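*Asks:* Here are the chains, one letter per residue:
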Amino acid sequence: MTRRVMPRLLLAAALGAGLQTGWTVAAHASDLTVAVSDNVIGLDPQDLNDNLSQAVARLTHEGLFRLDRNMKLVPGLAETFEANATATEFVFHLRHGVSFPDGTPFDASVVKFSFDRGGNPANNLKRQSLFVMIDHTDVVDPYTVKVTLKYPFGAFPADLAHPGAMIVNPKLVAQWGKDFTRHATGTGPYELVSWEADAVKLKKNTHFRIAGLPKIDTLTYRSVAENGARLAMLQAGEAQFIFPVPPEMIKLTEKNPKLALFDKPSLLSLFVDLNNAKKPFNDIRVRTALNLAVDKAAYRKVIWSGYADEQYSPMAPGIDGYVKLAPWGHDVAKAKALLAEAGYPNGFEATITCTPATISKRTAEFLQQQMAAIGVKLNVEVLEAGVLTAKLYTNPAPETATIQMLVTGWSTSTGDADWGVRPFLWGKGFPPVLNNFSYYKNPVVDEAIEAGLSTVDAAKRAAAYKIVQEQAWKDAPLIFLGQSHNLAAYSVNLKGASIRGDGQFNLDDDATLN
Amino acid sequence: MFEYLLRRLAGTIPVLLAVSLFVFAFVHLLPGDPARMVAGQDASFEQVENVRRELALDQPLWVQYGRYLNQMAHFQLGRSIKTHEPVAVMIGQRFMPTLWLTVVSMVWAVILGVGLGVLSGVRRGRWEDRAAAVGAILGISFPSFWLGLLLIDLFSVRLGWLPTGGYGDWTHFVMPAFTLGSAVAAVMARFTRSAYVEVAAEDYVRTARSKGVPERGVVWTHTLRNALIPVITLTGLQFGFLLGGAIVVETVFSWPGLGRLLIDSVSFRDYPVIQAEILLFALEFVLINLIVDLLYGLVNPEIRLK
Chain P
1 MTRRVMPRLL LAAALGAGLQ TGWTVAAHAS DLTVAVSDNV IGLDPQDLND NLSQAVARLT
61 HEGLFRLDRN MKLVPGLAET FEANATATEF VFHLRHGVSF PDGTPFDASV VKFSFDRGGN
121 PANNLKRQSL FVMIDHTDVV DPYTVKVTLK YPFGAFPADL AHPGAMIVNP KLVAQWGKDF
181 TRHATGTGPY ELVSWEADAV KLKKNTHFRI AGLPKIDTLT YRSVAENGAR LAMLQAGEAQ
241 FIFPVPPEMI KLTEKNPKLA LFDKPSLLSL FVDLNNAKKP FNDIRVRTAL NLAVDKAAYR
301 KVIWSGYADE QYSPMAPGID GYVKLAPWGH DVAKAKALLA EAGYPNGFEA TITCTPATIS
361 KRTAEFLQQQ MAAIGVKLNV EVLEAGVLTA KLYTNPAPET ATIQMLVTGW STSTGDADWG
421 VRPFLWGKGF PPVLNNFSYY KNPVVDEAIE AGLSTVDAAK RAAAYKIVQE QAWKDAPLIF
481 LGQSHNLAAY SVNLKGASIR GDGQFNLDDD ATLN
Chain W
515 MFEYLLRRLA GTIPVLLAVS LFVFAFVHLL PGDPARMVAG QDASFEQVEN VRRELALDQP
575 LWVQYGRYLN QMAHFQLGRS IKTHEPVAVM IGQRFMPTLW LTVVSMVWAV ILGVGLGVLS
635 GVRRGRWEDR AAAVGAILGI SFPSFWLGLL LIDLFSVRLG WLPTGGYGDW THFVMPAFTL
695 GSAVAAVMAR FTRSAYVEVA AEDYVRTARS KGVPERGVVW THTLRNALIP VITLTGLQFG
755 FLLGGAIVVE TVFSWPGLGR LLIDSVSFRD YPVIQAEILL FALEFVLINL IVDLLYGLVN
815 PEIRLK
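Protein chains in written order, with this note's numbering: chain P, 1 to 514; chain W, 515 to 820.
For reference, chain P alone in the conformation it holds in the complex (with noise of 0.2 Å):
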């Protein structure tokens, strides 16, 4: 009631003074809309593995530990944690004094139902992978917790910063059943209005945590698929946010002065899997000759117009563990020396699969002609997305599998080590179990990993992911490209506003606009 009423008061107490900056207030209610590339799936936060819906899902929910824009973890709903030395039990200090918009109070028997949920095979949810090492959850008493897990798992609070093991409102889930996904709002800083077709409408949470934020009233999530319509919609000021924005429209917002340009590093490794298992890729010598023939500046500057990194190890720097190592380079001369002493002195053909999106496409031609210097002929298949992933996933015996190379990369979706190696290049991850696609495998890559897993101690696992990143980088099981940038445009007058390494996203809860 006073958010309506507060306006026009405003309004009118300007008209009466005739102040022009009580006429800005009133026009400029803060309604932020956020335009993006692709639909928003769902908003059951355990039930999501896409960016886009996981970013909606964090505006209206909180984990009991969360990411800040810079990926790092930070406590949420959980004010402190103990583990044993082990890392197989844990024990979780809830705060005080937190509910839901609905007036639900948050404690510990919310926090046992939502992991209970999330675990519980039979419901199904695409984010039982957070919960599967949870053995079971008791309430200790209204603001502690207490998780037994199964096995030893280190990153089980950066596991429960993961977007898909944020706290879900139980009346919420009774209430819609299988709808709930469509209802799902938590104890973040906004809650849910409507969902419609192609715009997820929100509003600010009054009952949020934190008094006095957040200061944003509106907040409109709205699918514009096309790259140009999106810009459009920025420089007509209907949008305050876009993502993405390709890189060869950059210069577009850069000539206008209400406008800013979002550029950080992602933390998406771009890279190319071999058929690590199956000739000629079996050869280290092959692999390495691969690596040296490109020219990684050159694929930085013409698929990515300069909106890239240099790749320095088989993980995204920003992840705790990070070892910088010796680039790859670029050595033709090398290369060939290498391919004649692997046998293959005339090269050799094979193929190269991609999707039909411009970067995939354009990223494998860009490799035809630089493979053709070393003698090396490759041809380029486009497979649809849905295509790829069965040919992927159907026939996943290393010997049998049908792709030769596959122009990919990998972002870790909860921050840590262990998801920015594992998924692909752990010896047990083979599909369609993981996605070590290249089928690649080292027993000292392997024990290091899971070491990682099995500490909380924050030395050893360092010293673990350290043995990861060189060993791989070493192996070669990939060619190695670079390192991806996130690139938005926002308006100046928004505050608060980025996209989180992972891709996300973010908006602080202390944001403005103006």
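Please keep in mind that the hints were generated in silico from the structure rather than gathered at the bench. Each statement offered as a hint is correct.
Label pairs and their computed distance ranges (CB to CB):
id, chain 1, residue 1, chain 2, residue 2, range
1, W, ARG640, P, VAL193, 57 to 65 Å
2, P, ASP509, W, LEU668, 38 to 46 Å
3, P, LYS361, W, PHE540, 24 to 32 Å
On a predicted model such as this, the values are computed, not experimentally measured, just so you know. Note that the Cβ used here is the ideal one computed from N, Cα and C, for glycine as well.
Starting from the known structure of chain P, arrange chain W on it as the hints suggest.
*Replies:* Relative to the frame of chain P, chain W by itself:
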């Protein structure tokens, strides 16, 4: 008449059944695994299998088709694999925007197109005819994608008169309807002209003129009425196509229509949504054909239905 309508409507049932079988087969033969798409890259193998079981995708195809038909018989379209949203709600939200855009675009395009076509026909060879031809060629050859972006740049970004996109009040309709209708108007104009010219060469038109019917009567009663028959057919077809959703225009103007929904659901292998949408398109075409047949009778009493 009523009996005829009933018979025609009853005739749509086998057509829709055939379409449903065809679409079902087509959709399930597409390579791609919706269970994997739903579960996502991070999912474990067991999870993918769970999803597959939940969606009943592990059942033999004929069992799945049986379930699907059973659903249809109960007027249920099921839920989207991707969003869990009831398919009927998804289509419902996008049907009205698509219908309105189609109606608005078609109305101006048909009026302008037929008008220009008749004008060109009556004044063939003169400057009006040539100007209309140039306009029509422009309308057909201008890519709607480019036209749309040019309009947005001019009217939204530079002048700030119209919203860049989205579905809302009349201001939201101006640019999409213009973009969508311009190609239709061009086609209608050329088509009407040739139909008009053809009819104008008929013996009965010459007879009418020679027995002293005033020129206005020759144009309106003798020529245009007959020339309208193929024009109505074309209008019906165009209407049907546009109701299927104009993917390019919807994309450029962020229009929440059926075309984009179809593209999205095909790329996600969202079987229930694809099936329902194609079935809806088939139904729309059947109804439009029926209306077209009725309109024939209205224009020319000689082909009125027995």
